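Numbering follows full-length UniProt numbering, in which position 545 of the sequence shown is assigned residue number 545; successive positions increment by one, without gaps.
Hints in this document: simulated from the structure, not taken from any laboratory. Bear in mind the structure is a predicted one, so any value in this text is a computation, not a measurement. Hints should not be assumed to be uniformly reliable.
[Claimed, not checked] Straight line, CA to CA, 20 Å or less: simulated EDC-like cross-link-like pairs of lysine to aspartate or glutamate: (1) Lys206 with Asp91; (2) Lys375 with Glu385; (3) Lys534 with Glu560; (4) Lys239 with Glu159; (5) Lys551 with Glu582; (6) Lys458 with Asp590; (7) Lys361 with Asp674; (8) Lys195 with Asp91; (9) Lys375 with Asp674; (10) Lys550 with Glu582; (11) Lys306 with Glu678; (12) Lys218 with Asp100; (13) Lys330 with Asp590; (14) Lys550 with Glu560; (15) Lys330 with Asp115; (16) Lys266 with Glu560; (17) Lys675 with Glu366; (18) Lys361 with Glu678; (19) Lys98 with Glu121; (20) Lys218 with Glu324; (21) Lys206 with Glu404; (22) Lys98 with Glu159; (23) Lys276 with Asp265; (24) Lys550 with Asp528; (25) Lys98 with Asp115; (26) Lys675 with Asp634; (27) Lys280 with Glu393; (28) Lys578 with Glu565; (29) Lys280 with Asp447; (30) Lys579 with Glu565; (31) Lys280 with Asp449; (32) Lys195 with Asp208; (33) Lys291 with Glu385.
[What the hints assert, rightly or not] For each label pair, taking beta carbons as the anchor points, the in silico distance ranges come out as: (34) Asp388 with Asn581: 36 to 46 Å; (35) Arg412 with Asp590: 39 to 49 Å; (36) Val116 with Pro355: 20 to 30 Å; (37) Glu366 with Met569: 43 to 53 Å; (38) Glu505 with Met364: 48 to 58 Å; (39) Ser325 with Val116: 50 to 60 Å; (40) Asp590 with Asp674: 15 to 25 Å.
Quick reminder that beta carbons are idealized off the backbone N, C-alpha and C, glycines included.
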Amino acid sequence: MKKNYLLSAAAAFLLAVTGCSDDIENGGNSGGEGDSGKVYMTVNVSTVSKGALTKAGGTPSNPNNDGAGWGEDGNGFLEEFDGANEGKVYDVNIFLVKYDGNTFDSNPLDFFNDDVNKSLEIAGQGWYESKTGVDPSGGGEPNHDSAGKVTMKVTMNEELTTEGHTYQVFTVVNAGNRIEGITTLGDLRDRVTLKDLWTGTNQVSKADHFIMSTHKMKGVDGIGNSLVRISVENTDETKPATTTVFVERMAARIDLGYAAVLEIDKILESSPVKNKGSFKLTGYKVVNQWKGNSYVFKQVSPKATKNFGEGSSLADAMAGNYTESGNDFKYLGDEVWSMMTLNEANGSYNYVLDPSISQKKVPMNEGDDPWTQFKDSYINYFNPENKDLNRVENMSKIPEAETEPYYGVNDRIYYPVVYTKENTLDREAQVNGYSTGVIFESEFMPDGDNFKVSFYNKDAGSIESVPLDNNKTFLLAVHKNGVGATVRSVYKDLPSVAACAFNLEEGSNPNLLKGLMNGWDGMTTLPDFADVQKAINSMSDQNGFEIAFKKYLSDMIKGETNWSEGLKMRLCYTEFRKKQNENDGGHLPDTYTDPNNFTPDQIGNLYQFYNVSLYKGGKSYYKFWIRHNDNGNDGMMGVMEFCIVRNNVYQLYVTGVRGLGDPLPYTPGKDTPDKPDETDDVTIDVTIYVKDWVKRTNKDIII
1 MKKNYLLSAA AAFLLAVTGC SDDIENGGNS GGEGDSGKVY MTVNVSTVSK
51 GALTKAGGTP SNPNNDGAGW GEDGNGFLEE FDGANEGKVY DVNIFLVKYD
101 GNTFDSNPLD FFNDDVNKSL EIAGQGWYES KTGVDPSGGG EPNHDSAGKV
151 TMKVTMNEEL TTEGHTYQVF TVVNAGNRIE GITTLGDLRD RVTLKDLWTG
201 TNQVSKADHF IMSTHKMKGV DGIGNSLVRI SVENTDETKP ATTTVFVERM
251 AARIDLGYAA VLEIDKILES SPVKNKGSFK LTGYKVVNQW KGNSYVFKQV
301 SPKATKNFGE GSSLADAMAG NYTESGNDFK YLGDEVWSMM TLNEANGSYN
351 YVLDPSISQK KVPMNEGDDP WTQFKDSYIN YFNPENKDLN RVENMSKIPE
401 AETEPYYGVN DRIYYPVVYT KENTLDREAQ VNGYSTGVIF ESEFMPDGDN
451 FKVSFYNKDA GSIESVPLDN NKTFLLAVHK NGVGATVRSV YKDLPSVAAC
501 AFNLEEGSNP NLLKGLMNGW DGMTTLPDFA DVQKAINSMS DQNGFEIAFK
551 KYLSDMIKGE TNWSEGLKMR LCYTEFRKKQ NENDGGHLPD TYTDPNNFTP
601 DQIGNLYQFY NVSLYKGGKS YYKFWIRHND NGNDGMMGVM EFCIVRNNVY
651 QLYVTGVRGL GDPLPYTPGK DTPDKPDETD DVTIDVTIYV KDWVKRTNKD
701 III
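Please model the entire structure based on the sequences and the hints provided.
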C-alpha cells in the first residue's frame with residue numbers, strides 16, 4: 001500500500017533581491033525589513049519522501065519489467081527508509097511570476113516555457129526557515145508527503161490591488177539560505193548550482209537538508225495547483241493567500257544488495273576456479289559521481305525519433321521541436337522513452353539535460369583530451385590519472401544488516417550507500433570515463449586442497465601443484481600446455497609462470513629446468529646443448545611474460561651450437577629478470593619478490609605489459625555501469641541508457657559471479673575512459689531497480 005502525504009505550510013516569505021549569483025548558496029537572512037508590500041500566504045508544499053512517482057498517477061505508465069527504466073515513471077515506487085531525512089523541510093524559497101494566461105488547466109507549463117515570458121520580472125519572493133525542520137505526515141497528493149503549517153511573509157515587487165492578480169509559484173526547498181540574483185523568469189528557469197544537494201557526510205544515515213525544486217505545477221484529483229491569487233486583502237495575517245507546490249529532490253541515490261550465497265553455476269568450464277571454491281563480496285566503490293553544476297529546475301531535450309544508431313544523438317534531438325502537447329516542454333517536462341517495437345530503434349525519446357552534457361565528449365582525433373576538464377568534477381573519476389582508484393584499502397566495506405541501515409523489498413535487503421548528482425550523457429558519450437558506476441570487490445574462497453596452483457620449487461628445481469597458503473594470493477595467465485591446448489592456468493608466483501612455460505618431456509634431465517631458472521653456476525654436468533635449444537624452442541608463448549622470457553632465451557642461443565662461458569652466465573630466468581628491469585625501468589619488483597608485496601602499480605604493469613593477473617589476497621574487481629533506461633539490446637547503446645537522473649533510486653542487487661574479475665579496480669591495459677558502457681565483458685550478476693524514488697529494474701548481470 002502506498003502512503004500519500006501533503007506538506008502544508010502557511011508561509012510568509014521575505015523578499016530582498018540584491019546582488020547577482022549563478023548559484024543558490026548566496027544570500028542570507030530571514031527578516032529585518034519593514035512590512036511594506038508584504039502579504040501572508042499559505043503554501044502547501046508536497047514533497048516526495050514517502051513514495052516518489054514524479055508525475056501524477058499511481059501506476060507507472062511504461063514500467064519495463066524486464067529491465068531498467070523507461071521514461072518518467074520508471075518501474076514503480078520506493079518509500080523513504082526508516083530514520084532518513086530525505087523529505088524533511090528546513091527552509092523554503094518561493095518565486096512568484098504574474099500569470100495572465102488561460103491555458104493552465106490543459107498545459108500548466110506552457111507559460112513557464114514560453115520564451116516570450118522569459119523577461120518577465122519576478123513579482124514576489126519569499127523565504128522561510130525552520131531551525132529544527134519539519135517532518136512530513138499526512139496529506140492527499142499521491143506519492144507525495146506533507147508537513148505541518150508554518151507562517152511566513154512574501155514581499156511583492158509591485159503594487160497590490162483590491163481585485164488582485166494571479167501568479168505562478170515556483171519553489172526551492174532546503175537551499176540553506178535566501179536565494180539571490182533571480183530577477184526574471186529566464187533567470188529562474190536556467191538557474192544552476194554547484195552546491196552539494198544534501199548536507200552531512202556521504203554516509204546515508206547522516207545525510208540531511210536535501211535540496212528540492214518544483215517538478216510539476218498541478219496535482220491530481222483536484223489536489224491543488226501552483227497558482228495563487230494575491231490582493232490587498234492578503235496583507236491581513238488572518239486572510240492568507242493559498243497555493244500548492246510540488247517538489248522533488250535534486251539528488252539521486254544508489255542502493256546495494258546481495259545474495260547471502262553468491263551463485264557460481266555460471267562460471268565457465270574453462271575457468272580454473274570452476275568447482276574449486278566460492279566467492280564473497282567484500283567491498284565496493286562508486287565511481288564517476290558527478291559533483292559539478294546542476295540545473296535547479298529539471299530540463300529535457302526535444303524528442304529524437306531513434307533510440308540507437310543514426311537519429312538518436314543529442315544533436316538529433318535538439319534539432320527537433322517541443323510540441324507543447326501533454327507535458328512536452330523543456331523546463332519541467334517529462335522524460336520520454338517510448339519504443340514502438342522492442343529492439344527496434346523507432347519511437348520517441350528525449351534527453352534529461354545537465355549543464356555539461358554537451359561538453360562530455362569522447363576523443364574524435366589523435367591528441368584529443370576531453371577528460372582533463374572534468375578531473376575535478378567527479379568523485380572517484382574513472383581515469384588512469386586517478387591513482388586513488390587502485391588504493392584498494394580505501395574500498396568501502398560491503399554493508400551488513402548488523403551495522404548499516406537497510407530496508408527489505410520482497411525477499412531482498414537493500415542498503416542505501418551513497419547520494420549523487422544528476423549525470424546525463426549524449427548516447428555516444430555513455431562511456432566508462434563519464435558514466436556513474438560501481439566497482440565491486442570479491443574474494444575467492446578456495447575449497448581447501450581442491451584448488452591448487454603451480455609452484456616452481458627453486459631448491460628442488462621442479463614444478464609442483466600446491467594449495468594456496470593463508471593469504472590466498474595467486475596469479476592467472478593463459479598458457480599452452482604440452483599437448484598444445486591453450487588453457488587458463490593459476491600460479492603461486494611469477495617465477496612459476498616462467499617455469500611452466502617450459503613444456504619439458506617426462507624423463508628430461510632434472511638439471512635442465514633448474515639451470516634455465518636458477519642459473520648454471522656450480523652445476524658440474526651441463527645438459528646437452530641440443531636439449532637446451534629444444535626446451536627453449538618448445539616454450540609456450542601465450543602470455544606476455546612467457547613471450548618476453550622466450551625471446552630473451554632465444555636471442556641468447558641464436559647462432560650458438562654449444563655452451564660458452566657467456567651462456568652459462570646469462571642463459572637463465574634470474575638474468576632475464578635483471579635485464580628486464582634494466583630495460584623497462586623496473587616496472588616489476590625484484591626477481592623473487594613475494595606476490596603479496598607487489599604494489600598496485602606493479603600489479604597494473606604485470607597485466608598491462610604481460611597479460612598476467614595477480615589476485616592479491618584472492619581479491620578481484622568487477623565494474624558495473626548503472627542503467628537508467630534499458631533498451632533491451634545489450635549490443636546497442638540507447639538514449640539515456642547509462643545516466644543518473646534526479647530523484648531516482650538506483651538499486652543494484654548482486655546474485656552471483658561468472659568467475660574471477662580484474663586484478664585492480666582500474667586495470668591498465670584493459671580499462672580506458674573511452675570504453676563504451678555497453679560491452680560483452682560484464683561479469684557481475686546484478687538486478688537494478690531505479691526508483692524515482694521510482695524503480696527501474698536491470699536484468700540480472702553476473703560478475
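Right, here's what the structure says about each hint:
no.	hint	in the structure
1	Lys206 with Asp91	18 Å, holds
2	Lys375 with Glu385	9 Å, holds
3	Lys534 with Glu560	13 Å, holds
4	Lys239 with Glu159	18 Å, holds
5	Lys551 with Glu582	16 Å, holds
6	Lys458 with Asp590	15 Å, holds
7	Lys361 with Asp674	9 Å, holds
8	Lys195 with Asp91	16 Å, holds
9	Lys375 with Asp674	15 Å, holds
10	Lys550 with Glu582	18 Å, holds
11	Lys306 with Glu678	17 Å, holds
12	Lys218 with Asp100	17 Å, holds
13	Lys330 with Asp590	61 Å, violated
14	Lys550 with Glu560	16 Å, holds
15	Lys330 with Asp115	11 Å, holds
16	Lys266 with Glu560	50 Å, violated
17	Lys675 with Glu366	16 Å, holds
18	Lys361 with Glu678	16 Å, holds
19	Lys98 with Glu121	8 Å, holds
20	Lys218 with Glu324	16 Å, holds
21	Lys206 with Glu404	12 Å, holds
22	Lys98 with Glu159	12 Å, holds
23	Lys276 with Asp265	12 Å, holds
24	Lys550 with Asp528	19 Å, holds
25	Lys98 with Asp115	15 Å, holds
26	Lys675 with Asp634	15 Å, holds
27	Lys280 with Glu393	17 Å, holds
28	Lys578 with Glu565	18 Å, holds
29	Lys280 with Asp447	13 Å, holds
30	Lys579 with Glu565	18 Å, holds
31	Lys280 with Asp449	19 Å, holds
32	Lys195 with Asp208	14 Å, holds
33	Lys291 with Glu385	18 Å, holds
34	Asp388 with Asn581: 36 to 46 Å	27 Å, violated
35	Arg412 with Asp590: 39 to 49 Å	48 Å, holds
36	Val116 with Pro355: 20 to 30 Å	24 Å, holds
37	Glu366 with Met569: 43 to 53 Å	44 Å, holds
38	Glu505 with Met364: 48 to 58 Å	54 Å, holds
39	Ser325 with Val116: 50 to 60 Å	18 Å, violated
40	Asp590 with Asp674: 15 to 25 Å	35 Å, violated
Checked against the numbered hints listed earlier, the structure breaks hints 13, 16, 34, 39 and 40; every other hint is satisfied.
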